[in-house]
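Chemist: So the chains spell out like this:
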Amino acid sequence: MSTTTQRPTAADSRTTGKAARVLGDRRLPVLVTAGLFLVMYGVGLSRYQNYGFAEAQVFLNLFIDNSYLLVAAVGATFVILSGGIDLSVGSVIGFTTMFTAWLVERQGLPIVVVIPMALAVGAFGGFLMGYVIQNFEIQPFIVTLAGLFLFRGLCLVISKESISIGDASVSSMAQTQVSLGGAFLSIGAIVALVVLAAAFYVLHYTRFGRRVYAIGGNEQSALLMGLPQGGTKIAVYTMSGFCSALAGLLFTLYIQSGDPLHATGMELDAIAAVVIGGTLLTGGSGYVIGTLFGVLVLGLIKSLIQFEGTLSSWWTKIATGVLLCAFILIQRAMTSRRKT
Amino acid sequence: MTTTPRWRALTHHHLFWPVAVLVILLLVNVPFTPDFFAIKMTDGHLYGSLVSIVLFGSPLILVAVGMTLVIATGGIDLSVGAVVAITGALTCSYISDQADQSALSGVFLALGIGLAAAIVCGLWNGFLVARMGIQPIIATLIIMVAGRGVAQLITDGQIITVNSEPYKLIGGGYWLTLPFSIFIVAAVVAVTVAITRRTALGLLVESVGGNAEASRLVGIRSMRIKIMVYVFCALCAGIAGLMISSNTSAADGNNAGLWIELDAILAVVIGGTSLLGGRFSIGGTVVGALVIQTLTTTIYTIGVPTQTNLVFKAAVVIIVCLMQSPKFRAKVFGAKFGGKRAAVPAPAETAPAAEASPKMEVS
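Quick note, the sequences are listed as chains A and B, same order.
Counting in our numbering, the first sequence runs from -2 upward without gaps.
Counting in our numbering, the second sequence runs from 275 upward without gaps.
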């Protein structure tokens, strides 16, 4: 659609058409986000140059400190692309930290056994939600809301207090640094990047990815075209549950404890990252790369506020809200142009 | 089929199931606390489990009533929790700056400022939803995310405590032997019911929820109606915010009204209002909010660890939603029961096709 190679013959008479085409380009929001990221990074460079902002490690820390958010947001991208929404992300992350910490510390299981168990539980939770959404035609919003309550409640059932993890293999895993020239990445960041790459491949180069886009674009036509819609929807929510559990594991590594209140409200961060990354909330349009930039922008806001020093943490929330608003309005402008 | 018409009329009343659940929940308490229904008179105040359920449930009832109208127009308002926090924060910070915190004029001005902020939030939500045509979940997500930050900004990240007698009355005071907040809730509910059911407004709200475009074509200013319900919802949330902060005499930007939007949506759903919009029941919502509060109280009284509260809530959401889903009823109870409220394809209503109907969607 947007990638037609036809060149306009008379450039002057087509200025309005050009503007419409720019606004209609599906890649526009991703480019805007990427541009915003570069501008913000540039501002950071010019303001905090003397405080070491230019170091490569500061840049890589964006990945290290937001690895769990990136994984959760990738899962949310799938769900939102399919036209749904998953509010249980934060709770599943919190539950996974709790579950992992409980199994490792209180039950003495080795972390190698615990990891697949935690992932399986998350994926199964996602599968159940997808099954209910698909088979009983209940709105995703309300089903995942129930999931939010359920997993947060299960956290508290495991324990009301936080469990810190002192296990040697976990802490050695958490402290492993993979050096990249002068700087390093943590295992969590690498896992997150692998997940991102896998998601990119699945969304753009597999049948499943195309089905996700088709269902998000128009569920009715996808059904009429004969796409196995039910299975795809369930798979999308399963994948989101899996990603949330994986994000929970990364969060456990990052913070080395389980707490029933970990990651409250992280579903909002994940959704915000997806929206800022340019994925249409109505589904069917967006790129997983955009999600990466969305997460990076959110992470950069946090580190800019840290570098500024005088600003308090709640400015993060306000800035996120303002960005969210701006990008929603851009999306709105885009979709209204495309329709007319 | 042998039931009498009166019994059928009763069970088919839209409030039957919510009220039944509420009664069952209340009765569950009796074996654990035999004097559950007893109401004592102490110091000229009425005390008892029932009174405290209504007292602690009153902010939730307010928010849920506002939410009902929003949901009736096919929308949803996630920002109410943040509005609760903002209102409480603004009001308390204004009162705490006063030299005489108990001065009536100062308190009224503070209430005005708080509620005005709530109305501004509502106008913003309504503007985004009605004018810009953004999905309600997303439009209200903005204030949900940013609003808590704003509330913390107002309180400077601290918990502001106030010491004001008139302000304390709203959420923690007594009047005519009953908690004062019960009267506020009763007034809001009465006004809402009167406006929506005694005038055409309720019908207009339902018609906008049923089909916004069609209502616009028949001459209803659907945009204005939508903005109005968001403002009303925010106003209700603002009053609830005053109540919560007044009850504790403190404003906590971080925790005031946390998760209240979810409880409110849950109350609306339990009360029988469809999330798809187009019909609503204020009475059902009030009962729904009471059910949730009773559930919380029950969990406390029967000695189940309080942390399982959320698991119970999740179970209630799932059960209520499954019961409301026509497809689920068709599958579990057979086509006759499930097909009653339409929404199921026509063949499902005849008995022979019952086996085939659930499979239809698989192809």
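Hints in this document: simulated from the structure, not taken from any laboratory.
As the structure is a prediction and not an experimental result, all values here were calculated from the model.
Even for Gly, the Cβ is constructed at its ideal location relative to N, Cα and C.
Among the clues, some could well be false.
[Stated by the list, open to error] Derived CB-CB ranges, DEER-like:
# : chain 1 : residue 1 : chain 2 : residue 2 : range
1 : B       : M406      : A       : V36       : 48 to 56 angstroms
2 : B       : A474      : A       : V319      : 53 to 61 angstroms
3 : A       : L42       : B       : L383      : 41 to 49 angstroms
4 : B       : M406      : A       : L190      : 52 to 60 angstroms
5 : B       : L301      : A       : H201      : 55 to 63 angstroms
[Claimed, not checked] Listed below are several chain A residues computed to face chain B (Cβ distance under 10 angstroms; list not exhaustive):
#  : residue
6  : N132
7  : I135
8  : Q136
9  : V140
10 : S166
11 : S169
12 : V272
13 : T313
14 : L326
Chemist: Decide, hint by hint, whether the structure agrees.
Modeler: For each hint, the structure was consulted:
no.	hint	in the structure
1	M406(B) with V36(A): 48 to 56 angstroms	violated, 25 angstroms
2	A474(B) with V319(A): 53 to 61 angstroms	violated, 39 angstroms
3	L42(A) with L383(B): 41 to 49 angstroms	holds, 47 angstroms
4	M406(B) with L190(A): 52 to 60 angstroms	violated, 36 angstroms
5	L301(B) with H201(A): 55 to 63 angstroms	holds, 57 angstroms
6	N132	holds, 7 angstroms
7	I135	holds, 5 angstroms
8	Q136	holds, 6 angstroms
9	V140	holds, 7 angstroms
10	S166	violated, 30 angstroms
11	S169	violated, 32 angstroms
12	V272	holds, 7 angstroms
13	T313	holds, 7 angstroms
14	L326	holds, 7 angstroms
Hints 1, 2, 4, 10 and 11, counting from the list given before, are not met by this structure.
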